[in-house]
Amino acid sequence: MGKNEEVKLLGIWASPFSRRIEMALKLKGVSYEYLEEDLENKSSLLLTLSPIHKKIPVLVHNGKTIIESHVILEYIDETWKHNPILPQDPFQRSKARVLAKLVDEQIVNVGFASLAKTEKGREVLIEQTRELIKCLEKELAGKDYFGGKTVGFLDFVAGSMIPFCLERAWEGMGVEMITEKKFPEYNKWVKKLKEVEIIVDCIPPREKHIIHMNKMAERIRSA
Amino acid sequence: MASSDVKLIGAWASPFVMRPRIALNLKSVPYEFLQETFGSKSELLLKSNPVHKKIPVLLHADKPVCESNIIVEYIDDTWSSSGPSLLPSDPYDRAMARFWAAYIDEKWFVVLRSFLKAGGEEEKKSVIAQLEEGNAFLEKAFIDCSKGKPFFNGDNIGYLDIALGCFLAWLRVTELAASHKILDEAKTPSLSKWAENFCNDPAVKPVMPETAKLAEFAKKIFPRPEA
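If you read the protein sequences in the order shown, they are chains A and B.
Quick note, in full-length UniProt numbering, the first sequence goes up one by one and the last residue is 223.
Quick note, in full-length UniProt numbering, the second sequence goes up one by one and the last residue is 227.
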């Protein structure tokens, strides 16, 4: 902040994993150079910086490389200390981390698996996804955002992945996954997210994204 | 802090349960160890971790903390003034520790666990080759993180040492089953020395299962048809 920091982010426009990093950098007011990657044709830069995983997002800060979205988010929070992303209280911090893991492991698994099935096989996966989203619903009770009065770590992780990625895929398939009736807190949270400039600025454009998610679902189904 | 304030639900054979136990030892925090019976889950576990129903679960003044690496960070944050810090102070070094801990759980351990379930010789050979490749990455990670000191965390055991070290007893059981040294001083000298130092640490010794006892247990839970 105020220093001449060199920050680069390698990402993909449709990926919730790099979108959430952009949200965090915007919250901290950190300027960065964004480099769009093509998964079909990975850049030599990506392969050099992330030789084991070869995945985005990759953050480069003054020549140092950080990979894995959760690791990057915590790095950003610890490097630029204003506008905290993670809760200050250790117990709240642990809950945020556990739920972030739930989103990126469990919900992502059943969520993307649900795209692969035709209507017949889908019901079980849809129910499993809803059960997991109930955990998030519970956590939102009495709060504007997961972070409390302002957006934070879990808002970025869950927000980038569910309302602004998976829900677009489900919409494309005609599945009403997270109804207002059954998930009032979740739906209230999504409405509030859409009022936050840094979130709105950092999500993929809606129509283009729905088309992209449809294509991805078709690819998964025909695999 | 009264020891009744801190409880840990776990089991002696679980490497994941070892993680918070080592961390609590390093911080000199007394705790009550609630041993789960293999094959069944207690009411307390089901109530404390209703989503995953898995151990370990730390109960601190009855508040549950789940997920072994997350519990270790919680312990470090909560008892920050007690004992050495479990993570380095520099944000980049902390990121490296967290990155490698995630790699260990998502890639390395998945491969290790698959050996005891592996079918034929071909499959077993492939698993060993993958583990040895992983060890080569970890050797380099150790050299980078330790910066000449005995542990990933420097002078003292920390988060990443715990994340990997908890698997050493299971690694030895796997080596016995494979009749092959997977962690080899010739191939990964620094990592091998680290493993020896880790196992001898006073915070680790009381909670590291004996290889023979663990091997017997493994035979029970991974019944193998005779070759």
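Hints are supplied without guarantee of correctness; some may be wrong.
Each computed SDA-like pair below joins lysine to any residue, with the alpha-carbon atoms no more than 25 angstroms apart [stated by the list, open to error]:
(1) 64/A x 144/B
(2) 64/A x 118/B
(3) 187/B x 123/B
(4) 134/A x 178/A
(5) 138/A x 80/A
(6) 140/B x 178/A
(7) 7/B x 139/A
(8) 213/B x 118/B
A few chain A residues that don't get close to chain B, going by computed Cβ distances all over 10 angstroms [as the list claims (entries may be wrong)]:
(9) 7
(10) 67
(11) 84
(12) 93
(13) 101
(14) 123
(15) 143
(16) 180
(17) 184
(18) 187
Just some of the chain B residues that point at chain A, by a computed CB distance under 10 angstroms [unchecked claim]:
(19) 58
(20) 69
(21) 116
(22) 120
(23) 122
(24) 156
In case anyone wonders, no lab produced these hints; they're calculated from the structure.
Predicted model only: the values in this text are computed from it and were never measured.
Every residue, glycine too, gets a C-beta built ideally from N, C-alpha and C.
Taking the hints in turn, this is what the structure says about them:
1. At most 25 angstroms may separate the alpha-carbon atoms for a hinted pair to count; residue 64/A and residue 144/B meet this at roughly 13 angstroms.
2. Restraint check for residue 64/A and residue 118/B: not satisfied, since their Cα atoms lie roughly 39 angstroms apart, outside the 25 angstroms limit.
3. Of the supplied pair hints, the one linking residue 187/B and residue 123/B holds, its CA atoms being roughly 22 angstroms apart against a limit of 25 angstroms.
4. Using a Cα cut-off of 25 angstroms, the hinted pair residue 134/A and residue 178/A holds, with the two alpha carbons roughly 10 angstroms apart.
5. Straight-line distance between C-alpha atoms of residue 138/A and residue 80/A comes to about 30 angstroms, which puts the hinted pair past the 25 angstroms bound.
6. The suggested pairing of residue 140/B with residue 178/A is violated, with an alpha-carbon distance near 45 angstroms, which exceeds 25 angstroms.
7. Simply put, residue 7/B and residue 139/A have alpha-carbon atoms about 24 angstroms apart, close enough for the 25 angstroms limit, and the pair holds.
8. In summary, the hint linking residue 213/B to residue 118/B is supported, as the alpha carbons are separated by about 21 angstroms, within the 25 angstroms threshold.
9. With a minimum CB-CB distance of about 13 angstroms to chain B, residue 7/A clears the 10 angstroms threshold, and the non-interface call stands.
10. At roughly 6 angstroms, the least C-beta separation between residue 67/A and chain B is not larger than 10 angstroms, which violates its mark as non-interface.
11. Remark: the non-interface label on residue 84/A is consistent with the geometry, its nearest Cβ contact in chain B lying 14 angstroms away (cut-off 10 angstroms).
12. For residue 93/A, the requirement that its beta carbon stay farther than 10 angstroms from each beta carbon of chain B is not met, with the minimum near 7 angstroms.
13. The beta carbon of residue 101/A is not kept farther than 10 angstroms from every beta carbon of chain B, the shortest such distance being approximately 6 angstroms.
14. Residue placement check: residue 123/A keeps its beta carbon more than 10 angstroms from all beta carbons of chain B (closest about 21 angstroms).
15. Against the 10 angstroms criterion, residue 143/A stays outside the reach of chain B, whose nearest CB is about 18 angstroms from its own CB.
16. Every Cβ of chain B is farther than 10 angstroms from the Cβ of residue 180/A; the closest lies at roughly 23 angstroms, confirming the non-interface assignment.
17. Non-interface call for residue 184/A relative to chain B: holds, since the shortest CB-CB distance, roughly 21 angstroms, exceeds 10 angstroms.
18. The non-interface label for residue 187/A is consistent with chain B: the shortest C-beta to C-beta separation is roughly 21 angstroms, beyond 10 angstroms.
19. About 9 angstroms separates the beta-carbon of residue 58/B from the nearest beta-carbon of chain A, less than 10 angstroms, and the hint is met.
20. Interface restraint check for residue 69/B: the shortest CB-CB distance to chain A comes to about 9 angstroms, inside 10 angstroms, so the restraint holds.
21. With a cut of 10 angstroms, the hint placing residue 116/B at the interface with chain A is violated, because the nearest CB-to-CB distance is about 23 angstroms.
22. About 27 angstroms separates the beta-carbon of residue 120/B from the nearest beta-carbon of chain A, more than 10 angstroms, and the hint is not met.
23. For residue 122/B, the shortest C-beta to C-beta distance to chain A is roughly 25 angstroms, which exceeds 10 angstroms, and the interface hint is violated.
24. The beta carbon of residue 156/B is not positioned within 10 angstroms of any beta carbon in chain A (closest approach about 20 angstroms), and the interface hint is therefore violated.
Violated hints, in rising order: 2, 5, 6, 10, 12, 13, 21, 22, 23 and 24; the structure is consistent with all others.
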